[in-house]
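Each chain is listed here by its residues.
Number of protein chains: 2
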Amino acid sequence: MSVLRFILEKVCMVRNKQNINYLNNIWQCIKQTHGNGKMREKTLTMDTLNPQVKAVEYAVRGPIVTKAGDIERGLQQGQKHPFTEVIKANIGDSHAMGQKPITFLRQVVALCSFPELLNSSSFPEDAKQRARRILQGCGGQSLGSYSASQGVDCIRQDVAVYIEQRDKGVPADWDNIYLTTGASDGIVSILKMLVSGQGRSRSGVMIPIPQYPLYSAAISELEAVQINYYLDEDNCWALDINELHRAYQAAKEHCHPRVICIINPGNPTGQVQSRKCIEDVLHFAYEENLFVMSDEVYQDNVYSPDLQFHSFKKVLYEMGPEYFNTVELASFHSTSKGYSGECGFRGGYMEVLNLDLEVKAQLVKLLSVRLCPPVSGQAAMDVIVNPPLPHEPSYLQFHKEKSAVLGALAEKAQVTEQTLNTVPGIKCNPVQGAMYAFPRIFIPPRAVEEAKSLGMSPDMMYCLRLLEETGICLVPGSGFGQREGTYHFRMTILPTTEKLKVLLEKLRDFHIKFLKEYASLEEPKR
Amino acid sequence: MSVLRFILEKVCMVRNKQNINYLNNIWQCIKQTHGNGKMREKTLTMDTLNPQVKAVEYAVRGPIVTKAGDIERGLQQGQKHPFTEVIKANIGDSHAMGQKPITFLRQVVALCSFPELLNSSSFPEDAKQRARRILQGCGGQSLGSYSASQGVDCIRQDVAVYIEQRDKGVPADWDNIYLTTGASDGIVSILKMLVSGQGRSRSGVMIPIPQYPLYSAAISELEAVQINYYLDEDNCWALDINELHRAYQAAKEHCHPRVICIINPGNPTGQVQSRKCIEDVLHFAYEENLFVMSDEVYQDNVYSPDLQFHSFKKVLYEMGPEYFNTVELASFHSTSKGYSGECGFRGGYMEVLNLDLEVKAQLVKLLSVRLCPPVSGQAAMDVIVNPPLPHEPSYLQFHKEKSAVLGALAEKAQVTEQTLNTVPGIKCNPVQGAMYAFPRIFIPPRAVEEAKSLGMSPDMMYCLRLLEETGICLVPGSGFGQREGTYHFRMTILPTTEKLKVLLEKLRDFHIKFLKEYASLEEPKR
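Line by line, the protein sequences give chains S and C. Counting in this note's numbering, the first sequence runs from 1 upward without gaps. Counting in this note's numbering, the second sequence runs from 1 upward without gaps.
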């Protein structure tokens, strides 16, 4: 009886999945059940699965995105939908949305991958010089050797020089630089070091809400305590220092707050933090003895002409040696964002200041278990921190390509904000930086009720309906966290301008129709 | 007082590290202490560090290797040592030891990295065809896009075809294939899924002793219970099924054994498992309801002409549907070993059979948090599973290069074993496969005592002395695990034949000198 039920449940799943493999699997179950009258128990089931894994959530690639993939495959196989194309605005994946790679970067990576090309006259001398230098730093002069666990020495040196220039001379020591597998890898490694204690002494990690869900996922996996501090939506998602104090004091009752994470420019919220605000955060961290993790992967993505990126490190330096020589600060960067958008290479670095020497040895040991970050990703990172100089042959093309990408993003940031704000029931803060809009959407009470009766968050239902009716794939705000009773979605500004305009138009039409459909009968229709 | 002590301890560390950065760091400490009369407490210290991180050990990149790096830098700066070169035989890093990359593989990666080269006449058509196909599978046809969390579809399909051919027609479903960041990443992900329970119900993981220390490190980090089963050194490191039963029964008293890990061909032990033995292990796993993890990254590295690699999957299939449709089996492969030795690309895959469907969704979710494995590593993996065919232009060169690498390794495996066995007090099993010799070394009781008085394992002291006196960098057996009272080291067979012979000669001289030095006064000198 229970076996039959089990099989039927699986059949229901197949209806959704439209995947022949699942059918095969069920068929095997049936054969087996008939064959020996009992089913051999599986070792790994939902009951025996690591509960920390179960607790992990990651909306950026959650159920909406899975569904979008299914619809896309359906379209390819001729299935009918009220649209001809799925537009994926769910993830900061520039090249997938049509952005072209930076030529110089790819030339250097190709030269490193196949050094015979160093003899080719079709590659510029500056690209060859970069490639030779990187290969010189690799064991056996090959990208195929493991690098040191912290990364290739000369690339770490280039990163340090880059940081010094970016921060107008604030000293950077390459001994503090660790190359990573994207920024995510570094963030998880640092969090892993910081988690200890039990019960009320368990490590607490302060994260912004809304946040990039890597943070909440890592906190779940590590069984740390998540401490939410809410960004101020009414004030362009600014970080409010009073809210930090509130969150800290409240959390102290049930955990040991040890880390504060900041994302600047913000993901999913797109704000760029003011210098004053950064100084306040660092002062707070100093006073409360917190480890500071500043996620600065969007440092090149600032669009508002009256704003600029301030690194946490530079501000810390300017606060004086009492701060600069004591506050433990890890800053993260990546090849995936900025103007290069090289997500697939999984390149990144972190700079870690004021780490205890013995702890540093432990960090290197931890990294060494995974041997090293991908060396081609390290090479890509090198190009970003060591781009062509004005006198070099690739300079003009490099800067033309870089400006074109950043110019288009600035334009799309503005178009997105402005268009969304013309839609009744949608309110969007300026997209000052990063790659996302995170507008607030009004969801009528009847729709909220319906969603709740379906066991779904209201913005999840909204995004699902949007996907089914228009082919637009966004991520519900609930995947990032938001104040109780408010609803949002995250959309990237990465589609081409033309496609972005289509997306925004369809979204507007959908939203108006959605409002109409769920308009309360009591409210006068206008 | 305690501050002074702290500073002095740091100074002592500097003596060893010979690193100016450490001195600067101390200087900052002193300035600070003088400046305000107190030191601001660090957030992250050895006391507050995650104890699971502290528990991790990874000898392959442990203290000996750090010291080797220091000596190497010292040599470059003109320091005097009784040798002119450090020979690193500590890690399976082929290219670092001079092995050349496979041309076809690098051509494909270069073409994918810089697709303009698809128009170049200097690349063969089959390499271009592979590159076009891979790019077709990437978002925006760019290696810079994130792939799906399980990897690029067409590469997963190629892996499935490869496995079917390798296993003479045993069906492989690409839905079961996951591309990974090297094999390590896949191994840790699967282990992470399997860890649950508290106290006596905590998951136990059976691993061979000696083992590759990734396993013990991951078990420490995940707070699982390590269950040692000892390989039979007297029988060429064979896996003894009675020993499995013993280890399992003993472990059942204090944990819940849920996983058995096998490394075949063996690392560090170099044995190739017989078909019969694999069948016994699978039968055991079936009976005891264990999840099977077979680390098969050395599947192309079999040197003994009378032995061959049998995949766990093929044997499982041949045991009949009752086994093939039920036993949960994850098999791991990598770009890092075999004949390509592409460690730096961090490519790999795993095939996971009979995973519960809901658990599979959880696994994909877990992987999605890290977005995707490096796409250039995925491309490298594709070449290994989809090499040039006999009618294709690159076929001859590819096979020439492949055979040259594998032929040289087979020769070096033999030279290593034979030479080591000529040394009194060293006994080496045949290096049937993989890339390592793991000889047993006799360490005189007086040396054992001296090591213990230094708080060091005897083989660690042996390897440290060897490094200091000859420049040869090996890994002590204690880093892999060994029977109480026995001592070993792991050395790779990767140096060039010429260098390997020098290494073995120096090693012999050192060993004889070492035996003489520590010969007990009571024993008659011969």
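You may find that some hints are simply not true.
Since the list gives no way to pick one copy over another, a pair counts as held whenever it fits inside one copy or between any two copies.
As the list claims (entries may be wrong) - Calculated pairs, SDA-like style, for lysine to any residue (alpha carbon to alpha carbon, straight line, at most 20 Å):
| id | residue 1 | residue 2 |
| --- | --- | --- |
| 1 | Lys168 | Leu396 |
| 2 | Lys314 | Glu279 |
| 3 | Lys499 | Cys154 |
| 4 | Lys54 | Lys360 |
| 5 | Lys67 | Gln362 |
It is worth saying that the hints were derived from the structure and are not from the lab.
Hints, one by one, checked against the model:
With identical chains, the CA atoms of lysine 168 and leucine 396 are never at most 20 Å apart, being 24 Å at best within one copy and 55 Å at best between copies. In this homomeric assembly, lysine 314 and glutamate 279 come within 20 Å of each other (Cα to Cα) only inside a single copy, at 10 Å, whereas the closest approach across copies is 61 Å. In this assembly of identical chains, the alpha carbons of lysine 499 and cysteine 154 never lie at most 20 Å apart, being 41 Å within a copy and 27 Å across copies at closest. Taking the shortest alpha-carbon separations for lysine 54 and lysine 360, only the inter-copy value of 12 Å comes in at or below 20 Å, while the best intra-copy value is 31 Å.
Proximity of lysine 67 and glutamine 362 under a CA criterion of 20 Å is satisfied inter-copy only: 16 Å between copies versus 42 Å inside one chain copy.
Consistency note: the structure conflicts with the earlier hints numbered 1, 3.
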